[in-house]
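Engineer: Note that the protein sequences, when read in sequence, are chains S and Z.
Take 965 as the starting number for the first sequence in this note's numbering and just add one per residue.
Take 1063 as the starting number for the second sequence in this note's numbering and just add one per residue.
Simulated from the structure, these hints should not be mistaken for laboratory data.
Glycine included, C-beta positions come from ideal geometry on N, C-alpha and C.
Keep in mind that the hints are not guaranteed to be accurate.
To spell it out: a stretch of chain S is covered by chain Z in this simulated footprint if at least three of its residues, at any positions, have a beta carbon under 8 Å from a beta carbon of chain Z; those stretches are [what the hints assert, rightly or not]:
1. 1095-1108
2. 1174-1180
3. 1205-1212
Calculated lysine to aspartate or glutamate pairs in the DMTMM-like style (CA-CA distance at most 25 Å, straight line) [stated by the list, open to error]:
4. Z:Lys1175 to Z:Glu1331
5. Z:Lys1208 to S:Glu1293
6. Z:Lys1175 to S:Glu1321
7. Z:Lys1305 to Z:Asp1170
8. Z:Lys1354 to Z:Glu1338
9. Z:Lys1102 to S:Asp1087
10. Z:Lys1305 to Z:Asp1127
11. S:Lys1238 to S:Glu1212
12. S:Lys1250 to S:Glu1325
If you anchor each label on the Cβ, the simulated ranges turn out as follows [unchecked claim]:
13. Z:Asp1131 to S:Arg1318: 52 to 58 Å
14. S:Arg1318 to Z:Arg1116: 54 to 60 Å
15. Z:Asn1438 to S:Asn1220: 16 to 22 Å
16. S:Glu1114 to Z:Phe1110: 43 to 49 Å
17. S:Arg1318 to Z:Ala1203: 33 to 39 Å
18. Z:Ala1107 to S:Ala1191: 19 to 25 Å
19. S:Gln1326 to Z:Arg1349: 55 to 61 Å
20. S:Gln1322 to Z:Gly1352: 33 to 39 Å
21. S:Gln1322 to Z:Val1284: 57 to 63 Å
22. Z:Asn1438 to S:Trp1022: 44 to 50 Å
23. Z:Asn1438 to S:Leu1069: 48 to 54 Å
24. Z:Leu1244 to S:Gln1247: 51 to 57 Å
25. S:Arg1119 to Z:Gly1215: 39 to 45 Å
26. S:Thr1288 to Z:Asp1127: 37 to 43 Å
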Amino acid sequence: MTAMNQALTLPLAPPRLPWTRRALTWTRSQLFPSAGHSLLTLGVIALLCWCVPAALNWLVFDATFVGEHARDCNPAGACWLPITQRWNLFVYGFYPQAEQWRVTLSFVLAGSAFGLLFFKRLDRRLLLAYLALLPIVMWWLLKGGAGLPEVSSTRFAGMLVTVFLGTAGMIFALPLGILLALGRRSKLPVVRLLCVLYIELVRSVPVISLLFMASLMIQLFLPPGSAFDILLRVQLVLILFTAAYMAETLRGGLQNLPRGQYEAAQALGFGYWKTMGQIILPQVLKQSIAPLLTQFIGLFKETTLVMIVGVLDIVGIAMSTAVTPEWVEYGHEIYVFLAIYFFVICFALSRYARHLEQRMEQSRS
Amino acid sequence: MSTHRSPNLRLSSVLQQGLVLALVAAVFYLLASNAALNLKHLNIASGFGFLSQRAGYDISFSLIDYTPDATYARAYLVGLLNTLLVSVLSIVLATLLGGALGLARVSDNWLIKRLSGTCVEFLRNVPLVVHLVWWYGLVLALPGVKHSASLAGVVFLNNNGLTLPWLEQGSLVGWGLTLMALGTLLGYGFCRVKDARAPWRGFASRRWPALLAGALLLPLLVYALSGAQVQWEVPVQRGFGFKGGITLVPEMLALCLALSFYSASYIAEIVRGAIESVHRGQYEAARALGFKSGSTMRQLIVPQAIYPMIPQITNTYLNIVKNSSLGVVIGFMELVSSTGGTTLNQTGQAIECIALVMGTYCAISLVISLGMNIYNHRIGQRGH
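Looking at chain Z on its own, in the form it has when it is part of the complex (with noise of 0.2 Å):
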């Protein structure tokens, strides 16, 4: 705080940074000289060598091909899809019901709010593990296979799980994804060419339309173009399963929904408080303008909304991600069950796998807080 600093303040704090430094480091070698005495001892050898080699195990929900004869690599690779689709699902599920309890919190309806918000209140006051036991109870306690529900005759839920028609060629789908990820860059960018162009209306057109024209007609394109045969598989029951189709696995399912009601009870909270943070003026103004009680929040309330709460419900997203490693209790092979648990367990190498997930998680944390942040400079820029 002082602006100036005499000369002995300043050898002092040299000395004070360099003693933490000494200390830090004294800590670190002897953990680490430690470590290396104990992987003796234990003939471990240290090193990612371990990667290449047969896992040996099987994993009983992958995005990509996988038998128990693939690498460690390959398990890895399979457990960080998991990890990621739980997360993107469970996120889009969360979302929409966080959203919907949050509205339904600052409704003007006694009972829906006192509702919504009995149901919030239960749902994060109850830890995320006991959610997930309850849940995967519920879903093991479906009916079997000869008796499941099926919606039109294509999607089944049972005691196995949910199957869904899903494309012959299963990387296709992989392809399209890519496809429409690279439509919707397409659309954002011409959306900006087109604004740069026409500085003179003062406002931004509207993105939407060009997203989802990118998005949809880009992989149509491309299909049409290369003329692929891409056929829907319908899923058939065979004795006490299900030919063709893709089939969600219980622990995934109760995963999702476990992950999706605990995280909603917080976004619905984050909800509640970015409309109540909107100033009464707001609500006046639009009541003056002779705005209607539903078109009043859905123009002017929850757009003014949306800023505040985009930090906060990124750290939800976040946590989504991280809690999703709780996969590990009822055995969905996950990130952590996949590599740092049975690759651990069979290998013996602890510190490299621990290192693995850890650094994966701090990776992926890392790119979701440098986009918050990115958007949140162009955000203060656009000056809202």
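So that you can see chain S by itself, here it is in the shape it has in the complex (with noise of 0.2 Å):
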């Protein structure tokens, strides 16, 4: 029918015109439709050719980046000097000199796990054991042990807690929050009320009195004398919330699969764990990925959090930063550093994410 139509209007399109022609039909249809567009573009460029060279001239061309100290900045650009002298503490934290090529290989490790997704092909037990095996082996590389020389979690810092938490935080919830959205539709009332139950609560109250729960509450409720590491303590807090967001994201899928493919997996004879494992997780999973990527760089924002309970994360290294006397001017550069480095991430993976989603479409059709 389309190719039908096509083949109707295509000798009625209108011949091609020469590219000024066009670029000036495209800036009146776009730029200029009415008196009052006009207006508004002209002020728009007029605003933005009054701020954007000033603000590149003080993010970039006036600013400062080779330099030592304080006194090497120019007054009229910004210094970036705080963040260059600081770099290493920004992304190893205090973790010993010697020993960075291990967090440095616990990163490539991390992204390429974001790299395996783009593949439609891989086999999924593959992609599925390098999920499982990634947070263990970050946290062997990382903490040591078994053959690597130990470094205390005290040392933890910068970017390295921020990629650890988000990373282990979205694969340990993944599982969680599968058994919370099949819970949430089980035929078995007690289930499905405790698991409505646990994920309304926990998605009504903010982070941060998890947070504080993790930090104070947490060894009270543990056997006396048994206390374990903030750093865990957190990240177990980062479980235990993600999963209740993401049973939430998966529910939908599990609404969204057609109700042909249960009354199938029922007609073969399937069990329940069976069907759940065999023909309905597989499909919302792979349905669900550009959500949960989504997901993930929510989680990744609100790792930000634990910089209040005392984990020094990439934004409390650069809080600290912006109070030591010699860069205490500087905050605003230091902040501005923050979003940038924030905003490439966050921004780079939602951009994957929508890529993957619409080539999930296109298959679909």
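Using the hints, put the two chains back together into the complex; each one sits in its own frame.
Structural biologist: Printed below as a string of structure tokens:
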């Protein structure tokens, strides 16, 4: 039908104009469609002409990138020295210099997990195995032991904390989120009620109150004398709260799956777990890759909250840099850098998620 | 999915549920017994009795009278009011900003569309904490009291915050707001009665004139009848501060701005999605009827787009309320930093304080989602 329409309309299409004419038409229709719009366009262009060069001058052209002390800075532009001078601290925290390759390696491993999602024909068991092993390998690399020199987790700070909390949080939350999503749609009323209660309770309180719980309350509920790392406690809370949000994402996927899939599985005599594990979940997870990635972006942004309970992530490092006597005047630069850092990562990931989603839609239709 | 269930299956389902319940109960019992043991070790008496003790810490911004001599319960109330105030201000600002950004994203003007798209992408991909510390830095970098920017000599902005004129009797503001809410309700009731009396007209009368009239007339009427003397207090600069008026502290300004800009990006995306979901044929029909592009938007597209966006917008509002807890980062005394922070640290009543904070947020969420469910239900009945 569409092919026939195209065949009918093609000969009627107007002849292709020279590019100057096309540019003129485009400008007129897109920038100056009416008197009001023309005024608006001119106003915006004037505003951009005024502030873009000023911003670029401050950010790049008049800025100081090389130097050692605050007195090397050009007062007319931004001073990026607090970041370049402390770059190591921002990325690796207080990690020992000689062992920093371990952190770099774990960054590469975490990054390649996203790369693996790109390959459509990759065996999904391989992908799942990679994801399942990733946090364990990362923890082993970072913490040491079993062949590697041990590093105390009090030395973890900066990007290293952000990346570890984000990756491990997402991966451990996935099985829990799946169970909660299934539980919410379960036929057993008790299970359903418990899952609904958990999900709604976690979703209705702020993350910060949960983090306070991790830092002040979890100790009280453990057997006396046993204490564990604040980093792991915070990680636990991030996992528990991400799982609740993930359950809602996956529930959407479960609801969207055609009923026929359940009925077909039943007709084949599959039991509950076999139906879910072999028929339903593979489809739901595949379709939920993009929403899950979006959720990862959310989690990545939420990990910045851990600095409230005293875990020094990159925001914590930045804030402590901004109050050191030498760099106290350059707070704006430090926060602009933070904003750019998060923007680059989150924007790239959200574009990637959108790309995967579009590809999925194309292959479906 | 099966309609027929054998007794065997039913037994197994009962067993499974019993097992799950027993497991959950066991975990709870374990946690509770540990907690009891630990509390005994730490010599902390559980219970909410501490709420009536003297708080002893100061709160820089409070809507009600508060001194360090007040009780922890009063501090909790101040925190709750601050949370609500910041949330309401941010919700209003975020809605205005987000609506404007969202409409700009579907504009016919390429430049506006792209510019707003860039803004939205930037705002939403930066964590709220970064927004917050950035705004806080900016607000603190404002000129000092001596050089404060002023608007018509009554509103002052400086690094001590934003100073506004305020009523001399602060408590009257609360009464005024209550009366306004009551008046709005009365106006709404009036509309309902009017519609019920004239069902033959087939359409509901306009609501907003009656609501506005109710909101304005009732407080004025009560004011005129009661004979109370209300006077505006204009702030006057005295030394390093202002005398009179009300000062919104820098922490609060930063929190409001950060929350509004961050949430505005989400609202903009919701608005854009809803407007784009309106069928293309509606635009064509409007053009065929001779509507101009502005009035097409105003009279046809936006009214149709509003209903699908209500659940999502409510969700964003809920997030604003929850995210206002970030005030703790810059030391603004809202619910989490007053009760969950200082009170907890002073009394050591971790379980009670956190339960109080979480319970309050749960209650707020519950009220908002309940309201939305009722609204959704009514919309569903009306057939939109």
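Engineer: Determine for every hint whether it applies to the structure shown.
Structural biologist: Hint by hint, here is what the structure shows:
Three residues within the 8 Å Cβ limit are the bar, and the region 1095-1108 of chain S against chain Z gives 0, so the coverage statement is violated. For the region 1174-1180 of chain S, the assignment as covered by chain Z holds, since 3 residues bring a beta-carbon within under 8 Å of that chain's beta-carbons and 3 suffice. Beta-carbon proximity to chain Z at under 8 Å applies to 0 residues in the region 1205-1212 of chain S; the threshold of 3 is not reached and the given coverage is violated. With a C-alpha separation of about 12 Å, the suggested pairing of lysine 1175 (chain Z) with glutamate 1331 (chain Z) holds against the 25 Å cut-off.
Straight-line distance between C-alpha atoms of lysine 1208 (chain Z) and glutamate 1293 (chain S) comes to about 22 Å, which keeps the hinted pair within the 25 Å bound. Taken as a hint, the lysine 1175 (chain Z) and glutamate 1321 (chain S) pair is honoured in the structure, with Cα atoms around 23 Å apart against an allowance of 25 Å. In summary, the hint linking lysine 1305 (chain Z) to aspartate 1170 (chain Z) is not supported, as the alpha carbons are separated by about 49 Å, beyond the 25 Å threshold. For the hint linking lysine 1354 (chain Z) to glutamate 1338 (chain Z), the alpha-carbon distance of about 18 Å falls within 25 Å, and the restraint holds.
For the given pair, lysine 1102 (chain Z) sits about 54 Å from aspartate 1087 (chain S) by alpha-carbon distance, which is inconsistent with the 25 Å threshold. Simply put, lysine 1305 (chain Z) and aspartate 1127 (chain Z) have alpha-carbon atoms about 17 Å apart, close enough for the 25 Å limit, and the pair holds. Between lysine 1238 (chain S) and glutamate 1212 (chain S) the CA atoms are separated by roughly 22 Å; this keeps the pair inside 25 Å, and the hint holds. Taken as a hint, the lysine 1250 (chain S) and glutamate 1325 (chain S) pair is honoured in the structure, with Cα atoms around 12 Å apart against an allowance of 25 Å.
A hinted range of 52 to 58 Å holds for the C-beta pair aspartate 1131 (chain Z) and arginine 1318 (chain S), which are about 56 Å apart. Distance hint check for arginine 1318 (chain S) and arginine 1116 (chain Z): the Cβ-Cβ separation is about 56 Å, which falls inside the suggested range of 54 to 60 Å. Restraint check, asparagine 1438 (chain Z) to asparagine 1220 (chain S): a C-beta distance of roughly 20 Å satisfies the suggested window 16 to 22 Å. For the pair glutamate 1114 (chain S) and phenylalanine 1110 (chain Z), the supplied restraint of 43 to 49 Å holds, since their beta-carbon distance comes to about 44 Å.
Here the CB-CB span from arginine 1318 (chain S) to alanine 1203 (chain Z) is close to 37 Å, well matched to the stated 33 to 39 Å. For alanine 1107 (chain Z) and alanine 1191 (chain S), the Cβ-Cβ distance of about 23 Å falls inside the hinted range of 19 to 25 Å, so the restraint holds. For the hinted restraint 55 to 61 Å between glutamine 1326 (chain S) and arginine 1349 (chain Z), the CB-CB distance of approximately 32 Å leaves it violated. Judged by the Cβ atoms, the range 33 to 39 Å given for glutamine 1322 (chain S) and glycine 1352 (chain Z) holds: they are separated by roughly 37 Å.
Roughly 59 Å separates the CB atoms of glutamine 1322 (chain S) and valine 1284 (chain Z), a value that falls within the hinted 57 to 63 Å. Roughly 48 Å separates the CB atoms of asparagine 1438 (chain Z) and tryptophan 1022 (chain S), a value that falls within the hinted 44 to 50 Å. Range check, asparagine 1438 (chain Z) to leucine 1069 (chain S): Cβ separation about 51 Å, and the 48 to 54 Å hint holds. The beta-carbon spacing between leucine 1244 (chain Z) and glutamine 1247 (chain S), approximately 54 Å, falls within the hinted interval of 51 to 57 Å.
Remark: the range hint 39 to 45 Å for arginine 1119 (chain S) to glycine 1215 (chain Z) is contradicted by a beta-carbon distance near 56 Å. At about 40 Å, the beta-carbon gap between threonine 1288 (chain S) and aspartate 1127 (chain Z) stays in the expected band of 37 to 43 Å.
In this structure, the hints that do not hold are numbers 1, 3, 7, 9, 19 and 25, in rising order.
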